[in-house]
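Visitor: Chain A is already provided as a structure; the job is to place chain E on it using the hints.
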Amino acid sequence: MVSMNAIYLVVTGVVFVLLGYRFYSKFIAEKIYRLDPNFETPAYTKRDDVDYIPTDRIVLWGHHFTTVAGAAPIIGPAIALIWGWLPAFIWVVLGTMFFAGVHDFGALWVSVRNEGKSIGSLTGEVISVRARNLFMIVIFLLLLMVNAVFAVSISNALVATPSSVIPTWSAIAVAVVIGVLIYKMHVPILWPTIVGTTILYAVIWVGDQVPVELPAVVMGLSAGPQWILILFGYAAVASLLPVWLLLQPRDYINGIQLFIGLGLLYAAVLLAGPEITAPAFNMDAKVIGAPPLVPLLFVTIACGAISGFHGLVASGTTSKQLDKEPDARFVGYLGSLGEGLLAIATIVVVSAGLGSSEEWRAVYSEFGIHGIDTFTRGGAGILASGLGLPVEFAATLLTVMAVLFAGTTMDSGVRIQRMIIQEWGTIYKMPFMQNHYLATLLAVSSCLVLAFGAGGSDGQGGMLIWPLFGTTNQLLAGITLLVISIILVKLKRPYKYTLYPMFFVTAMSVLAALYQLMGFFENGQYTLLAFDLLIIVAAILVILEGFSAFNREKANTV
Amino acid sequence: MGRWKRWLHLADEFYKAPYRGAIAREKRDQEDLFMLLVFSELMGVPNPASYYTLELQPILLENFHDWHTRMGMEKSPLDNFRCC
Numbered sequence: 069m070v071s072m073n074a075i076y077l078v079v080t081g082v083v084f085v086l087l088g089y090r091f092y093s094k095f096i097a098e099k100i101y102r103l104d105p106n107f108e109t110p111a112y113t114k115r116d117d118v119d120y121i122p123t124d125r126i127v128l129w130g131h132h133f134t135t136v137a138g139a140a141p142i143i144g145p146a147i148a149l150i151w152g153w154l155p156a157f158i159w160v161v162l163g164t165m166f167f168a169g170v171h172d173f174g175a176l177w178v179s180v181r182n183e184g185k186s187i188g189s190l191t192g193e194v195i196s197v198r199a200r201n202l203f204m205i206v207i208f209l210l211l212l213m214v215n216a217v218f219a220v221s222i223s224n225a226l227v228a229t230p231s232s233v234i235p236t237w238s239a240i241a242v243a244v245v246i247g248v249l250i251y252k253m254h255v256p257i258l259w260p261t262i263v264g265t266t267i268l269y270a271v272i273w274v275g276d277q278v279p280v281e282l283p284a285v286v287m288g289l290s291a292g293p294q295w296i297l298i299l300f301g302y303a304a305v306a307s308l309l310p311v312w313l314l315l316q317p318r319d320y321i322n323g324i325q326l327f328i329g330l331g332l333l334y335a336a337v338l339l340a341g342p343e344i345t346a347p348a349f350n351m352d353a354k355v356i357g358a359p360p361l362v363p364l365l366f367v368t369i370a371c372g373a374i375s376g377f378h379g380l381v382a383s384g385t386t387s388k389q390l391d392k393e394p395d396a397r398f399v400g401y402l403g404s405l406g407e408g409l410l411a412i413a414t415i416v417v418v419s420a421g422l423g424s425s426e427e428w429r430a431v432y433s434e435f436g437i438h439g440i441d442t443f444t445r446g447g448a449g450i451l452a453s454g455l456g457l458p459v460e461f462a463a464t465l466l467t468v469m470a471v472l473f474a475g476t477t478m479d480s481g482v483r484i485q486r487m488i489i490q491e492w493g494t495i496y497k498m499p500f501m502q503n504h505y506l507a508t509l510l511a512v513s514s515c516l517v518l519a520f521g522a523g524g525s526d527g528q529g530g531m532l533i534w535p536l537f538g539t540t541n542q543l544l545a546g547i548t549l550l551v552i553s554i555i556l557v558k559l560k561r562p563y564k565y566t567l568y569p570m571f572f573v574t575a576m577s578v579l580a581a582l583y584q585l586m587g588f589f590e591n592g593q594y595t596l597l598a599f600d601l602l603i604i605v606a607a608i609l610v611i612l613e614g615f616s617a618f619n620r621e622k623a624n625t626v
Numbered sequence: 017m018g019r020w021k022r023w024l025h026l027a028d029e030f031y032k033a034p035y036r037g038a039i040a041r042e043k044r045d046q047e048d049l050f051m052l053l054v055f056s057e058l059m060g061v062p063n064p065a066s067y068y069t070l071e072l073q074p075i076l077l078e079n080f081h082d083w084h085t086r087m088g089m090e091k092s093p094l095d096n097f098r099c100c
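Protein chains in written order, with this note's numbering: chain A, 69 to 626; chain E, 17 to 100.
A couple of the hints might just be wrong.
As the list claims (entries may be wrong) - Lysine-lysine pairs mimicking DSSO-like chemistry, simulated, CA-CA at most 30 Å apart: (1) A:Lys-252 / E:Lys-21; (2) A:Lys-392 / E:Lys-21; (3) A:Lys-622 / A:Lys-252; (4) A:Lys-99 / A:Lys-558; (5) A:Lys-114 / E:Lys-91; (6) E:Lys-43 / E:Lys-32; (7) A:Lys-354 / A:Lys-252; (8) E:Lys-43 / A:Lys-497; (9) A:Lys-185 / A:Lys-497; (10) E:Lys-91 / A:Lys-252; (11) A:Lys-114 / E:Lys-32; (12) E:Lys-43 / A:Lys-114; (13) A:Lys-497 / E:Lys-21; (14) A:Lys-497 / A:Lys-392; (15) A:Lys-392 / E:Lys-91; (16) A:Lys-564 / A:Lys-622; (17) A:Lys-622 / A:Lys-94; (18) A:Lys-185 / E:Lys-21; (19) A:Lys-252 / E:Lys-32; (20) E:Lys-91 / A:Lys-185.
Since the hints were derived computationally from the structure, they do not count as laboratory data. Keep in mind it's a predicted model, so treat the numbers as computed, not measured.
Same shape as in the complex, but just chain A:
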């Protein structure tokens, strides 16, 4: 086999996505969405300084990018490498250019053109109220899976890398101190940032010296499930705390970590120039029991190629803060591009950092057992040879980075879940569901059912939920693209640029959902079977109603 240097992969990926921004997003902005610099955005028309407030586009991009890029573009590609690096690479690059960019940018644009309404409310308006209610269920299930899958990933990472335990939990203390300094004591941003980041990296060193492992068995639970319980206990408390105390500074620290981490990884790859040892196509994938590449690749890598979650963020908070309409291209398209870059970095480190071709095959011996751990192992090797960092330290650093991303997503995931439960309490007049604590308990226990229901009491195999999470995420993206297409039809504009990607992701996710359904049935995983069925039914109903709305609008415009 001809070996290839990872630098080519990095350069090709970066050049392609940048070309996508330069040319394709410009075309979409001018010809399809037709952005107007004179259009008064909701940040001005509905300004209340609470939700609606014009914000600098760089700040908004940073906020949007760090909200959407978390652990998912790391875990997805790390799992998908089992089919070889080439399919994952092509899907991430083309997905970012023609799918994710148009989707995120489009969700932002339709929301800005409709008073900053979320995709959920727009579904109610352009499709039907029933579709909107089903859409809420899909969102709730998505959050449920995000929380469950991230809890399992974090617990796996903490067990696999005991040196990351101290820094991971210390980051919470660092965040609280920053929160108090900035919010209560009005200290300007500079020093808390410098001191906080320095302390975090110092604690990574401490963690490296003092690894922490939980007792092998407590009340019949091994270390993995123990961590899962601790994590959900923590997430419940964190989601109830005031946001300025924990969530806000934690997000900020993570944002900085994301930029530092991406910079370090790209610099290390360029300096070390490692050879790619993973196969371009893994011919053994079938032999070792990996599911078929089509359709599973397209749901295993959701974030990083296209993700419905981005549409929720773009239309939920970002659209209410957009200063000028043309900024939508910068914030939306470039936001997804940033996430694509994280996915490309993951593909590179996992295909070039795990040692020889044989060693790589030894790691990728089964589907869905690896996630964060292969990323940190591969990344640590490359950081060590590229930047001269000690391998152990580099592994701890990358684990902490990935765990912090996943942790913050969990914090806000549980929080949003709680809010949805409270909203249902209001809509369906069930006052007990409006209670803060009870709603949190409901949110957390539903996640626990999924986390343990999927993997059993040993917590192993919890990553099996991953493709199901991807499926839900992609179906959500399909619905968002459909809503954008319907609005484009209404405006008598070309809709194929959003409708074709919609067909593709929806077809792939429905196929993947059906494939998984068979697997869950054969393995007797009835919890997952029920979830899968619910998602398929809800999403297909929304899409069918969407098509009827699409045809109705098309008939009206003829």
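Guide: For chain E alone, coordinates are given in the frame of chain A:
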């Protein structure tokens, strides 16, 4: 604005902007509860401290319209108290 100052401003906004809404909403919720306390007597809820809260009513009147619309009451809920 110098370049350094602009970066600091961006960092500050990067910290504050994402949660500005959530914090403002939480503050507003607390103020709403306070409004309810101050105007409770007028709505038939006995308030032992009304002698003191009465003094606060003119100060809070500015926010009264926003408050009652937010609470789902289109018109002022108080009989002798026309607001809109």
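Visitor: All hints are to be evaluated individually against the structure, with a verdict given for each.
Guide: Structure-based check of each hint:
1. A:Lys-252 / E:Lys-21: The given pair, whose Cα atoms are some 22 Å apart, holds under the 30 Å limit.
2. A:Lys-392 / E:Lys-21: Roughly 23 Å separates the two Cα atoms, so the pair holds.
3. A:Lys-622 / A:Lys-252: Judged against 30 Å, a Cα distance of about 55 Å means the pair is violated.
4. A:Lys-99 / A:Lys-558: It holds: about 15 Å lies between the C-alpha atoms, which stays within 30 Å.
5. A:Lys-114 / E:Lys-91: With Cα atoms ~21 Å apart, Lys-114 of chain A and Lys-91 of chain E stay inside 30 Å; holds.
6. E:Lys-43 / E:Lys-32: Distance of about 15 Å is within 30 Å: holds.
7. A:Lys-354 / A:Lys-252: This hinted pair is violated, its Cα atoms lying about 57 Å apart.
8. E:Lys-43 / A:Lys-497: 25 Å, holds
9. A:Lys-185 / A:Lys-497: Roughly 24 Å separates the two Cα atoms, so the pair holds.
10. E:Lys-91 / A:Lys-252: Roughly 38 Å separates the two Cα atoms, so the pair is violated.
11. A:Lys-114 / E:Lys-32: Answer holds: Lys-114 of chain A to Lys-32 of chain E is near 20 Å, not above 30 Å.
12. E:Lys-43 / A:Lys-114: Holds, at about 20 Å.
13. A:Lys-497 / E:Lys-21: Status violated; Cα separation ~51 Å.
14. A:Lys-497 / A:Lys-392: Violated, because 40 Å separates the two Cα atoms, which is more than 30 Å.
15. A:Lys-392 / E:Lys-91: Answer violated: Lys-392 of chain A to Lys-91 of chain E is near 35 Å, above 30 Å.
16. A:Lys-564 / A:Lys-622: 13 Å, holds
17. A:Lys-622 / A:Lys-94: With Cα atoms ~26 Å apart, Lys-622 of chain A and Lys-94 of chain A stay inside 30 Å; holds.
18. A:Lys-185 / E:Lys-21: 34 Å, violated
19. A:Lys-252 / E:Lys-32: 13 Å, holds
20. E:Lys-91 / A:Lys-185: 26 Å, holds
Taken one by one, the earlier hints fail for this structure at numbers 3, 7, 10, 13, 14, 15 and 18, listed in ascending order.
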